[in-house]
Amino acid sequence: MMKFTTLLRRPPEWMEHDGPCRDIVLTSRIRLARNLEGPAFPGWAKKEDRIAIMQELQPRIESLSGMKDCFSEDLSNLDAIRKQVLVEKHLISREQAAKSAGSAAVINREQSLSIMINEEDHLRMQSIRSGLDLVAAHAALDKLDTELEEQVRFAWDKRFGYLTACPTNLGTGMRASAMLHLPALVLGEQVNQVIQAVNKIGLAVRGLYGEGTEALANLFQVSNQHTLGEREGDIIARLEKVIQQIITHERNARRKLLEDSPHKICDHIGRAYAALRFAHIIESKEALTHLSMLRMGADMGVLPASEARLIDTLLVEIQPAHLQTAAQRKLSGEERDILRAEVLRRRLHHLPEPDMSACTGPGPETPPDVKA
Amino acid sequence: MKCDVCDDKTATVFLTQIVKGNMQKINLCENCAKEKGVTDPTGFQLADMLLGFGQGARVETQPMEKSCAACGMTQSTFRKTGRLGCAACYSVFGDGMDGLLKAMHKGTRHIGKVPAHLSTRQADEEHLAQLRTALDDAVSKEAYEDAARLKSEIATLEKSLKQRVRV
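These protein sequence lines are chains V and W, in that order.
FYI, in my numbering the residues of the first sequence are 1 to 372.
FYI, in my numbering the residues of the second sequence are 1 to 167.
Just chain W, same shape as in the assembly:
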């Protein structure tokens, strides 16, 4: 099979891409594949190549790429360097990282240290949820003395939580 671009050398790179439900196929020789940037899958669009064999097409595909609004890190730079740009990057690229994390770690969820200011808040939030359940329970049993006590406990806890968020 000959290369679809130069129509000269034997094709060794076979690409299939599905764009909007349409399957597109192209066969390339090694030189043309390199020239068209096929080795960089993020910057390469088969459709663009079929339509105009690439002139300026790669630039047009850039805005489609996922990037971090906080620091400007792009998916392709992350892939190339293996490093993220800032903490907010994890909310942009984090969802697609499960496979990567599974390969490098024991699990994909953190179970270690929790910063002190968060660990108390987390515990308080859980405690608050428990108190609310207990309040519902007390009201349905018409145990009004208990309900009043629980209500004031909830109010105190809510207030301290709110204050801490502001800090």
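Looking at chain V on its own, in the form it has when it is part of the complex:
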């Protein structure tokens, strides 16, 4: 069994590997909701029943073929900070983190599969992949689901499909989503138009940590709303098509910004670089906004492309629970802002100054000492 400290130390597989369109799509995720046939759903079940369900499911999940040497823990054994670390890593939901006795999380070594026991449903299973690769994420999770189905009977009905606590998840029980980095659409003030268009066709756009959260770091989650009356493959194909279009919009917006206002772009990236390299107190929101600019800079060639991965790592590392785990104690808000700035200065120490010639091109304003 993998320890929490190992889980924390090991970067997730998706971080280390560049999936399709990784410049704009950080991750693709598939979530399946499943329930057992007999017992009440977690929100309606008594504590003893939830514990019994957990005790039945947890060992079965640990023994699945993809779960070798996994991390598996009863949530009542994790303190608030550790639970929050799992949320920040997108391995459990905020709702799950609020639960204790009778809830558990099982996460594979690669951190590509995570199974929540007794969240809103008896099982919430998630698969995560680098870049835009919903098909591969679904294939991996479908395999696990089928394997588990050989051992337990899931509540399923001919008319309603997989039965879930909330009717919004009925049918496939599947939520497919991708995390998109859309700085140019935000800077160009086009992002609301895109969100509205996407909403109209039955897809949802949410912030960094799901429902009701802010779009920090210019990151947006696009996902399907409908789970009933459409096949899994069709839902995924439709979603991928829309995401491809959003990617095109973002790329066009970046091109347009470079053409119309190159100095504005350079200013954003330059200020972000300066703040992250030299600030001594920095709030989470400000840091995330600046990291977003550096990430766009890396995509545009202003910063080495190889740094994009470090930036993605930092998006998670500077979150409150990660900082407190690094400090090995609870920190006040002010202490966190100081430590955050320290982590950023240290981790970005080697980062060369942005080479703005990639943005502005060689013009009369460009000083001769800037290397091409």
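Heads up, some of the hints might be wrong.
[Unchecked claim] Okay, derived cross-link-like pairs now, BS3-like style, lysine-lysine, Cα gap no bigger than 25 angstroms in a straight line:
#	chain 1	residue 1	chain 2	residue 2
1	W	Lys162	V	Lys241
2	V	Lys158	W	Lys2
3	V	Lys285	V	Lys264
4	V	Lys143	V	Lys89
5	V	Lys200	W	Lys106
6	V	Lys200	W	Lys162
7	V	Lys68	V	Lys89
Just so you know, these hints were derived from the structure itself, not from any lab.
Mind docking chain W on chain V? Use the hints.
Showing chain W alone in chain V's frame:
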């Protein structure tokens, strides 16, 4: 128009309810409507209110409410929380959910994944129905050799289906 309960404030809530074929009407001001729990349509019976203006009437209406025998979930709790209590709830409340499902989904029938143990059984049942039709056909054509073969095929399939149900 004045409120039927306090006979003081202006009525802004107008209710019509049909009970056993009789139409009943009542006009309430905002305060009285709130006090009588009119905002919760499941726990409110106009008849009770007209007859005794409510004392204890809401408790009496509870047993009439639809509920799940397996887990005890009631219609009003489901409406309030939007969550069902267990899988069996869908056979209790499922029939009334079409409108809700139409608003939130692409369709009201599942067409996605079928659990493996059910998908083979479903296919087997369909195959069995086909074999029975073929058997009738063979008998009517007096093709007895075919009929005998079909009969033994049907017997084998029936046996394996029965065994699987028991598992």
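Tested hints:
1. Lys162(W) to Lys241(V): Answer violated: Lys162(W) to Lys241(V) is near 45 angstroms, above 25 angstroms.
2. Lys158(V) to Lys2(W): Judged against 25 angstroms, a Cα distance of about 53 angstroms means the pair is violated.
3. Lys285(V) to Lys264(V): Distance ~21 angstroms between Lys285(V) and Lys264(V) Cα, so the pair holds.
4. Lys143(V) to Lys89(V): The given pair, whose Cα atoms are some 23 angstroms apart, holds under the 25 angstroms limit.
5. Lys200(V) to Lys106(W): holds (13 angstroms)
6. Lys200(V) to Lys162(W): violated (48 angstroms)
7. Lys68(V) to Lys89(V): holds (20 angstroms)
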